[in-house]
Each structure stands twice: as C-alpha cells, then as structure tokens.
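A.B. asks: The primary structure of each chain is shown beneath.
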Amino acid sequence: MATSPSADLKAQNVDRDTLTESPLRTSHSFTQRRFFRWGEWIAEQLTRLIAFSTIAVIGLIFLFIAREAIGVFSAHDTYPSPPSQATPEVYGAEPPEAASPEVYNPEAEPAQPTTERLSSPAAGNTPSQQPLPLLQNLLSTTWQPVSAQPKYGLLPLITGSLKVTVIALLLATPIGVLAAIFVAFFAPLWLREAIKPIVELLAGFPSVVIGFFCLMVVGSFVQETLGTTYRLNAFVAGIGLAIAIVPVIFTIAEDGLANLPRQLWEAGLALGARPWQVVARILVPAATPALFAAVLLGFGRSFGETMIVLMASGNAPLLSWSPVEPVRTMAATIGAEMGEVVWGSLHYSILFLIGLLLFAVTFTLNSIAELWVRQRLLKRFRGLTT
Amino acid sequence: MTQRYGFQREWSWQTLVGVAFVATTALAACCLLGLSISLLGHFSIGGLPHVTWEFLTEAPRNNNTEGGIFPAIYGTVLLVILMTLLGVPVGTVTAIYLVEYAREDAAFTRWVRFGVNTLAGVPSIVFGLFGLGFFVQFVGKGIDRLLGLELMWGKPALIWAAATLAVLTLPVVIVSVEEALRSVPRQLREAALALGATRWQMIRRVVLPHAFTGVLTGSILAVSRGAGEVAPIMFVGAAYSLPELPKGLTSQFMELGYHLFVLSTQSPDVEATRPLQYATTVVLLLTTFALNLTAILLRLNMRRRQLMNR
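Those sequence lines, one after another, are chains A and B. Numbering that gives the first Met the number 0 puts the first residue of the first sequence at 0, with every later residue one more than the last. Numbering that gives the first Met the number 0 puts the first residue of the second sequence at 0, with every later residue one more than the last.
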C-alpha cells in the first residue's frame, strides 16, 4: 500500500512530536538569552487569544442558544387563545401542513387521516381549554405549533430524525467503507488518483442541490420502483442524506486504512495469507476505530442536516416507524418554522430548545469520536510502529 | 495477483471468495463514481441550455417565475467577500498559533484542537440559530441600544449572515492554513533564526510568504463551502425576493442557494419555473466546483513542493 499525501502529513506530525526537545521548539531559550522583547510577547499572546476564540465560540453557541431557549419556561403563546365554544375537532384533525404552510409539498396532503389516527387521545382530545403543562406538552406525540391549542410534542421529530439518519447510514456505510477498502488496498494507482478527486467533488455538492436532486429525481424514481403512496418520504430523504455523507465516511475510512502500518500487510503476506485475507482479517479489524469514527461523524452530519430533509422528506410530523411515510426531522422543523415564528414566543423558544438538543447530540458524538476513538487509534499505532 | 508470490497456489474456494470480495469493494467504488457522474450529468443536461446572458444579468420578475438571478449572484458574492474578510484572518492567526507557538502536549493546544474539530461537526442549522441568538439578538440589539437607534442592526442583515458563515467556515480555514504552515521547510525557519530574526519576524517575513498559497487555498475552500450553505442564513438575512440590490451592511440580500430552495419549494408555479431552477443549480454548482478545483490544484502543487523539500 502506497502512502497517501495525508500519510506524509501524519509522518511529519510524528517528526514534530519527537522534535520537542530541539532548540527550535523551546523558543524561550532563544529570546530570553538576548533580552525580553515586548513586541514578541504581544504577538504571541495575541495569537494565543485569537486561538482561544475557537473554544470561546463553542461556549458562545451553547450559551446563546440556551439563552433563547430558556424562554420555554416564561414565554406565552402569542396565537389568539381559542374561544371556549371552539369545536373540539379543530385540534387533532389539523392537517400537518398547518405546521408549515410555506413548504410546498402536495404529496403529503393525503397524510391527514394518519395524523388523526396517530395523535394520542390524551394529547389530542383533552376537553379543557387550558394549555397543557409544558413537560407533558413536549413529551406528547403531536407537533402542531400553529393551531388553536398549540402542541409541541417532540417525539415525532426525534423519531423522524433518527429514522432518516438510520436509513442514510444503512445505505452509506457499506458503500463508503467498501469503496475505501478498494481504494486503499486493491485499486491501481491511476484509479486511486482518479477516484479521490471525484469523491472530493461529490463532497463539494451543496446540500440544497442534493435536496433538489431528491425532490426532482429520487422521489419519482422511488415511487415508480417501490410503488410508495407518497412521493416524498423518509426513504427519499435517507437516500439524499446518504449521498451527502458517503464522501465523509469514505474519506475518513480511507484515511484510517491507508495509514495502517505497512508491517501488518507485509507480515500477513509473509505468513502466506492471500491479499484479501490480510485485508479482511487483519487490516480492516485493525482500523475499526477509524471506521467507527467515520460512521459516528456520518451520523452527526445526517442528524443535523437541514436542507436535504426539508426538501425531500415530505415534512409531515407523523409518529411512525414506516420508512415510506413522510417524516419531519428536528433540523427541518427549525428551518421551516423559524422564519415565520414570532420572536420571543413559546414556539420560538421551543425551536431554540430543539437546536440545543441537536447541538448536544452532535457535540457528544464528536467528543466520543475525538477523545475515545483517536486516542485508541493512536495507542494502537504507537504500540505497533515503535 | 498470484504471480507476485513467485509460486503457484492451488485453486481453492478461497480464490473464489477473494475474487468476490475484491469485486464487491470495486462495485462499491463504482457506485460512488456513478453517483457523482450521474449527479453532474443530470444537472448539466437539465440546466446548461437555460443559462443565458439574460438569465445571469436580469432580476427576477413576476414573483420569481420569470427573469434572471442577478440579485442572487450579487448577494452571494457580497456575502462571501464579507465572510472572507471576517473569517480568514481569525483562522489564519489560529493556525499560526497552533503551528508556531503551541506546544503539542499542552492542555490548551489540545482544547483548541478539540474546539476546531467540534466546530467542524456542529450542524449548520445550529449556526443559524447561533447567528440569530448571538449576532442579531445580542450584538445587533446591543449596538442599537448603545447608539440609541430605532431598529437598524438588531434585525437579520447581510453583515450578520456573513459573520455566521465566517464562524461556520473557521475550521476549514484553520485546517488548510495549518497544513500550509507545516509544509514550510524547517531549514528556512532555522536559517531565519540563525540570522538573528526574532520569532515573530521569522513568521512574518519567512513563514507567511511561503504559506501564502495555503492561506489562499483555505480562503477558497471556505468560500466554496460558504457559498453553498443555505440553512445558516435562512433566518439571519437571506430574503425571499428583493426588488433592489442590498444597499449596505444592514440590508437583506438574495442568495443563490436560498433562491434555489425558494424556487423549487415555495414558488406559486413550480412546474413553470423548472428551467429557472435547473439553471440556478448549474450556476451554483459551477461556482462551487470552480472554487474547489482551484483549491485542489493549489494544494496539489503545495504538497508536491513539500515532498521535494524533504
């Protein structure tokens, strides 16, 4: 296996680590032996301060999304409260489009009876006109923020996000990892040089374009081949997300595989194993942490993706596990409703709460991928190479 | 592949499994290639014939169903320039710190790296919420209160969208500038220090000029990423349709990606605007790819030089 450009970089990193004791690294011995320079000190402290901004931004994101989300406890609905003689069928029978009238998707219209069926009697048909207690409202099974009695059940959104993400991972992981194995171990050099830029090209597709592609092509294709009732559904969105995350999974997996120590490959062959046996039994298991990281980052990316899901999923907040029904995810909900919402209302705060939830999930995934997987990988490599 | 070993293996079922295994991986790679090519082909065939001079230079008419996309192109360019001005200096300085000053084993360095990686993984819609909650609601309203203005900065505006995108593209800039700085040969640094330059003089006069290509690559990659992002700017300043071009930092603007979203999902007559949608996609894709291609070529050149220096 040949070394890729990134392998060269890795090697240089190791060089730098071992260089720590060289005079170049211990800068202070240089400058202090002459005399203390204020300009130098200021330059170093300024760069350090600006470098700190990356950490500060993470803190600010958390802080300011939480600040807007805190209104959940104090804000009130600004929608006109229903008169007491309101007919009970107003809520529960509200078509899902009421939640996002601005999103064009006629395909989801027949979904109305499904919502009715799915809305639980406890949340949907309470006879009292009092607004539901907050926690009960958030944990209910109906998302209907614009109605006589707004319902902010997050469950359909969370399951929706999970559903499309799982579909995307099921499609993208095998293709990404297998293609990475091919490129890292079996492909001739010219093919490798050709595939990598093309995948980089695929990674450069803006997500709104992939969403448009799903809206135009994938939706009709899926409906024709699978005969689904709705043209835009969770499966179509899953395909779109898979297109978006396949380059991510491929790149990280290929990087991990190509940077495995040469000795593994050589020792395997020397022991008489066939190339494919070395790959399948030694190299791929050795790179499990990298593959795991690839899948984790793919999960994070598709869990938080907005435009593809907004355009291709049908956007009906249904609580169901069927992969061919329209679906609404957390990110798409923010994207669709934030533009119309009244600033400072309960609805607004809850959208920020969803954002906080999204941030927390991706932050956790990233931390796991970063701290656990990288450390393991590093230890494994050090144990093998030194 | 057997001739590599110099001896002949007898045929067994293992050979068959091996062929099947390699064929499966090759098939996956072909899937990936086919996907890229079919996406490209679909949009080129569907959109290129509709990209005309009028389309590029006219404003949309009749509720976005006729006319061109000039305001969207103009808005995108303006947005991206502002974003570069705000984001690239910060990213470059951070990369300088990481490469030139930071000690690899220090806790602070590890935290900065962790911050960069985390920032790269935050969903773009969360950046949109951050832009709304921080830049518009906190910074913008704060400026208004400070200057005693009615409502000038505390609303969605071009400058806040650019700032949001600058934060979003920060990791892209940092990573590629870092790579560029690391590719500057050690001998150059040592020579500069040996000649009596201070550390900052060395960075300023020797390292940075050599890493200029890298800074450029980082900026281009950031621009290509920023130009394609829609989710973060949807409610931080991008407008559905505007009769005039943005006048200043606080006006709203049209953007290519958002325009495509509006055309394809919220137009009064979606079927009639099909050609407009495809043409917009092609313009967006061409912009992104031209930028990406430049960045890839620059980086390839840089890596080659780096290999020669070793």
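By construction, these hints were calculated from the structure, which means they are not laboratory data. Bear in mind the structure is a predicted one, so any value in this text is a computation, not a measurement. We put the CB at the ideal spot given by N, CA and C, even for glycine. Be a bit skeptical, because a hint or two may be false.
Restraint ranges, calculated between C-beta atoms of paired labels, are given here [claimed, not checked]:
no.: 1; chain 1: B; residue 1: Gln-265; chain 2: A; residue 2: Leu-137; range: 47 to 55 Å
no.: 2; chain 1: B; residue 1: Asp-268; chain 2: A; residue 2: Gln-44; range: 55 to 63 Å
no.: 3; chain 1: B; residue 1: Leu-15; chain 2: A; residue 2: Trp-189; range: 24 to 32 Å
no.: 4; chain 1: B; residue 1: Thr-51; chain 2: A; residue 2: Gln-44; range: 51 to 59 Å
no.: 5; chain 1: A; residue 1: Ile-367; chain 2: B; residue 2: Glu-103; range: 19 to 27 Å
no.: 6; chain 1: B; residue 1: Gly-66; chain 2: A; residue 2: Glu-192; range: 14 to 22 Å
no.: 7; chain 1: A; residue 1: Gln-135; chain 2: B; residue 2: Ser-43; range: 29 to 37 Å
Far from chain B, by Cβ distances over 12 Å, these chain A residues were calculated [claimed, not checked]:
no.: 8; residue: Gln-135
no.: 9; residue: Ser-206
no.: 10; residue: Ala-285
A.B. asks: Look at each hint and say if it fits the structure.
C.D. replies: Against the structure, the hints:
1. One distance hint, 47 to 55 Å for the beta-carbon pair Gln-265/B and Leu-137/A, is violated here, with the actual separation near 29 Å.
2. In this structure, Asp-268/B and Gln-44/A meet the distance hint of 55 to 63 Å, their C-beta atoms being roughly 59 Å apart.
3. For the pair Leu-15/B and Trp-189/A, the supplied restraint of 24 to 32 Å holds, since their beta-carbon distance comes to about 27 Å.
4. Taken as a hint, the range 51 to 59 Å holds for the pair Thr-51/B and Gln-44/A, whose Cβ atoms sit roughly 55 Å apart.
5. The hinted range of 19 to 27 Å is satisfied by Ile-367/A and Glu-103/B, whose Cβ atoms lie roughly 22 Å apart.
6. Checking the proposed 14 to 22 Å range against Gly-66/B and Glu-192/A shows it is violated: the Cβ atoms sit about 43 Å from each other.
7. Distance hint for Gln-135/A and Ser-43/B: a CB-CB separation of about 53 Å, inconsistent with the stated range 29 to 37 Å.
8. With a cut of 12 Å on Cβ distances, Gln-135/A stays outside the contact zone with chain B, its closest approach being about 25 Å.
9. Remark: the non-interface label on Ser-206/A conflicts with the geometry, its nearest Cβ contact in chain B lying 7 Å away (cut-off 12 Å).
10. Chain B leaves Ala-285/A outside its interface by the beta-carbon criterion, the shortest separation being 17 Å against a cut-off of 12 Å.
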